[in-house]
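Protein sequence lines, in the order shown, are assigned to chains W and S. Heads up: the first sequence begins at 1 in the working numbering, then just goes up one per residue. Heads up: the second sequence begins at 1001 in the working numbering, then just goes up one per residue.
Because the hints were derived from the structure by calculation, they are not lab data. Treat the hints loosely; a few may be bogus.
[Stated by the list, open to error] Cross-link-like lysine-lysine pairs, in silico, BS3-like; alpha carbons within 25 Å at most:
no., chain 1, residue 1, chain 2, residue 2
1, W, K232, S, K1043
2, W, K233, S, K1123
3, S, K1005, S, K1123
4, S, K1123, S, K1024
One letter stands for each residue in the lines below.
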Amino acid sequence: MNQQELDGILQKAAELKVFCEYGERTVPVLDEIASFVREISPAIEDLRAVVEVSMVNIPKAADQLGRVTQATEQASTDILNTLDRMVATLDEVITSVASGMISSDLGAATKKMAAIVKSLVDKSGWDEDIVKLAEAWDIHLQSMRMSGPTSNLERLLKDLQSDCTEIMMALQVQDITQQHIGAVMGTIQAVAEGLQQLTTGFFSTSSAEALPPTPSMPVQFEQENVGEAERKKMVEALLSKARAGQI
Amino acid sequence: MTSMKILIVDDSITIRRIITNALKTVGFPDTMEASNGKDALEKLTNANVDFIITDWNMPEMNGLDFIKQVRANPIYSALPILMITTRGTEHDVIEALQAKVNSYIVKPFTPQELKEKIEGILKTVQINTV
Ligand SMILES: [Mg+2]
């Protein structure tokens, strides 16, 4: 055995020493890792169960929200159809009331009288007394319209019509809630995507269901949750800024 | 009553009907409808539209992109545009104004509000063209 071979053995012994020292330090760390894994494995099992249930429930929740949107849209359409019919009917009734046709006897008599007065005026060659009679008849007709039961009825019918308009305007809530539901669905979808990545990359579970459908457009939560009046004030302030050329 | 033709652009059929009816009650009975920006651009080429009311959140082409396209087209660039949307943040309004929308309403709105906005726009448009 020459010096070179001896040097080689010494070198290997030194390397072995370093390795043993390293092992002495790493073994406790590895022990700690092993006990940590033993401790967390039930939690990981629980998490896996939660993820598996969620992967089934999330598409169901998205589907239910979609159905809510569809149902409210259908209901709004039905209400709008009914309101359209009501407004049209009220229009007809108001026209009838305004032309005095609501009371057929009175209407017929009034029309007959009006025709007689008109023909009297024409025939009389604008005789002063006849013209006075025509004017008096006109005033009488006007006062009948203004003070009679029909004018009150006309006002009530118009009130009903404006109530119909108010109900119709209130249906805007359908679109507003639909957009909020869309935003919730977007969030649910983001969670579902995260869970799916977790399931494919970590748990490799087989129960991952299809993700809920992507909303047809990007929707977002309103960042500034202020009241309607404040929001309108803010819009008006910005509009006047724009008019002043500051936007 | 005015014969001004108003194009209503909204993906919600409920909202289109509501705007149509509200316009009728405040004296603007001549309307036509489109369900998104793309559809509206087609409608613009086939009808003499005088005024546009548009939503923002719509599939295919949203309201903001639609406004930008209208403003970029020399034939329609001067058309008055009112935006009616659920988007009500300061950032949204500024973005719409930068796209050159004439006025802005956050849903829900009333027929009276609609009337005032339209008349306000028509007044400024007339002043600008004088
Ligand atoms: Mg919309």
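So, going through the hints one by one against the coordinates:
Distance restraint check for K232(W) and K1043(S): the Cα-Cα separation of roughly 31 Å exceeds the 25 Å cut-off, and the hinted pair is therefore not satisfied. For a cut-off of 25 Å, the pair hint linking K233(W) to K1123(S) stands: about 21 Å separates their Cα positions. Restraint check for K1005(S) and K1123(S): satisfied, since their Cα atoms lie roughly 17 Å apart, inside the 25 Å limit. The hinted pair formed by K1123(S) and K1024(S) meets the criterion: a straight-line CA distance of about 20 Å does not exceed 25 Å.
Checked against the numbered hints given earlier, the structure breaks only hint 1 and satisfies all the rest.
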